[in-house]
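Novice: If you read the protein sequences in the order shown, they are chains V and F.
Taking this note's numbering, the leading residue of the first sequence gets 17, the next gets one more, and so forth.
Taking this note's numbering, the leading residue of the second sequence gets 638, the next gets one more, and so forth.
Think of the hints as simulated: they come from the structure by calculation, not from any bench.
Any given hint might turn out to be false.
[Stated by the list, open to error] Derived Cβ-Cβ restraints for the label pairs, each shown as a range: (1) V:185 to F:874: 48 to 56 Å; (2) F:878 to V:185: 31 to 39 Å; (3) F:1069 to V:185: 53 to 61 Å; (4) F:709 to V:167: 31 to 39 Å; (5) V:63 to F:775: 31 to 39 Å; (6) V:167 to F:911: 54 to 62 Å.
[To be verified] Below 25 Å or equal to it, Euclidean Cα-Cα: the simulated DMTMM-like pairs (lysine to aspartate or glutamate) are: (7) F:860 to V:167; (8) F:816 to V:158; (9) F:860 to V:83; (10) F:830 to V:83; (11) F:816 to V:138; (12) F:830 to F:869; (13) F:860 to V:138; (14) F:860 to V:151.
[To be verified] Just some of the chain F residues that point at chain V, by a computed CB distance under 7 Å: (15) 714; (16) 812; (17) 900; (18) 903; (19) 905; (20) 972; (21) 1033; (22) 1034.
For every residue, glycine included, the Cβ atom is placed at its ideal position computed from N, Cα and C.
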Amino acid sequence: MIKISTVLKFAAVSSVLTLAACTDKPKAVETAPPPASMSSSTTSSIVPGSAEDLRVNVGDTVHFDYDAYNITSEDRSVLQRQAAWLAKYPSIRVTVEGHCDERGTREYNLALGARRANSVKEYLVSLGVSAGRVETISYGKERPICTQSDESCWAQNRRGVTTITGGANS
Amino acid sequence: MKKFAVAALAFVALVAGFAVPAEAQLRVDVTQGNIQPLPIAIPDFIGDPSGAQIASVVRADLDRSGLFKVLDPKSFVEQVKDINTVPNFGNWRVINAQALVTGQVQQQADGRLRLDFRLWDVAGGSQMVGLQYYTTPDNWRRIAHLVSDAIYQRVTGEKGYFDTRIVFISESGPATNRKKRLAVMDEDGANPKFLTNGSYLVLTPRFNPTAQMIAYMSYIGNKPRVYLFDMESGRQEMLGNFPNMTFSPRFSPDGNKVVMSLESGGNSDIYVMDLRTRSVSRLTSDPAIDTSPSFSPDGTQITFESDRGGSQQVYVMNADGSNVHRISFGGGKNGTPVWSPRGDLIAFTKQAGGTFRIGVMRPDGSGERMITDGWEDEGPTWAPNGRVLMFGRTERGGRGSSIWSVDVTGRNERRVITPGSASDPAWSPLIQ
């Protein structure tokens, strides 16, 4: 997920640069300060309030340490952006998916994924998101995004992903 | 499925012909870790053409058990022409056979098959078993497995496990988007059937004691819940109406209850549902993960896994949730406990030193020993006689999963034939 969102962000930025290069003489244009943590949303083709907006501009994924489900300080900013974004689009409902790496037994990982999804939900709720807007689902180790059997891959797979289940713009 | 159940009732077994001697000469001790496989000759059964197929299934069954050395029919000196006369044992001694199986299949006027077979002690020159079965021709594989079970039981003193089925998860597609289907097959991999179509994730199926019902977990409608699958009607039913994820189901030994985990607010505890009244009782109330419950064969205790002590370990409690105590102290993380149908052992998965291996220990936690050595072996399931286990094995790098069998002694590890990748095996009881 890190990889994917990085690539998409890069694509969004480079298209802006290409457009800029095409103009004969760059003119200085005053731009309003971006809304909190959503600086690129106004400079790409991504529809604000869409699933892509959440994924690319806000960040939909947080990561966990091995066999852990606490929200790391690094991930708090992602969830703070998610909470702010959800406040901006109050009709959107989300499901938080909890995922695990392959280094756990199947049923234990289902339970661990549920813990992770719930951690994300609780953090969003603590930031003012209504609990009724956030559902959770655990996929255990059933839906890896990286299939190498090494730590870099396992770290990517130990994740909580916020997905839109209703009310999004498209 | 219906046909399967009904046809099973058509078997009639009779002790035929020669009296069984009081003392058996042949004996294979299945409790030993290192045994000499018993050389056995199984010529094609005479009579109906199906006799050759039936004998070849018996040969494959006994070979797979690791307890028999099935002799190549090409080496046979004597050709069986009549199963009602005593064989010339000298002709079987010269090829070093210690046991001989002779059989005959006849089509009856009513269309059914009649199979007669005899197991002979070649050295002792005596008949050990003589049995007769009747069934419909399409059921010939089951007759073969019943013959194998009878031979296994006579020679080892243990019940066989060949007339059983395996429910499992058939896997296909890339690891990042694996398609999983509920599937059943005979113990030898024959007759695989898919019970779900792969459009939704299914996990961890387990048979009830009559092998007519499967409890499993399904993500149908993106709501992960425990379901029941009725083999006769093909109907699937969500078990209960829980607000959150239910998972890790297993039947009680009498088949009247399902014990499982229910997740709530991120926490997983163990509950039991009575299938007749649909009443639900909570068995654990701990902020830890409590899952993978499995009843003792007498139904009085439940083994399960919990990380309440700081890491995933195996526990035992009374069936009402009282007297919870940890039993795994052999190092590493330990989970997926499954009680042997004999009651003497609990099989489990140990994570230690970067590997997942299958082990067994006594219900008090003593006598722990590992019986497999894979990179990621998990989820053991017992043969109904408690002498053999199957488990899932995952290769590194998302290269697929497979099902393996191994004797409880740790010997005779074999890959189980499945249609494609497979995981989460569960062994049926002996089919009635």
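Novice: The structure should be examined with respect to each hint, and the outcome stated for every one.
Specialist: Cross-check of the supplied hints:
no., hint, in the structure
1, V:185 to F:874: 48 to 56 Å, "violated, 39 Å"
2, F:878 to V:185: 31 to 39 Å, "holds, 34 Å"
3, F:1069 to V:185: 53 to 61 Å, "holds, 59 Å"
4, F:709 to V:167: 31 to 39 Å, "violated, 50 Å"
5, V:63 to F:775: 31 to 39 Å, "violated, 59 Å"
6, V:167 to F:911: 54 to 62 Å, "violated, 45 Å"
7, F:860 to V:167, "violated, 30 Å"
8, F:816 to V:158, "holds, 10 Å"
9, F:860 to V:83, "holds, 24 Å"
10, F:830 to V:83, "violated, 36 Å"
11, F:816 to V:138, "violated, 31 Å"
12, F:830 to F:869, "holds, 13 Å"
13, F:860 to V:138, "holds, 20 Å"
14, F:860 to V:151, "holds, 11 Å"
15, 714, "violated, 52 Å"
16, 812, "holds, 4 Å"
17, 900, "holds, 4 Å"
18, 903, "holds, 3 Å"
19, 905, "holds, 4 Å"
20, 972, "holds, 5 Å"
21, 1033, "holds, 4 Å"
22, 1034, "holds, 5 Å"
Of the numbered hints stated above, those contradicted by the structure are hints 1, 4, 5, 6, 7, 10, 11, 15, listed in ascending order.
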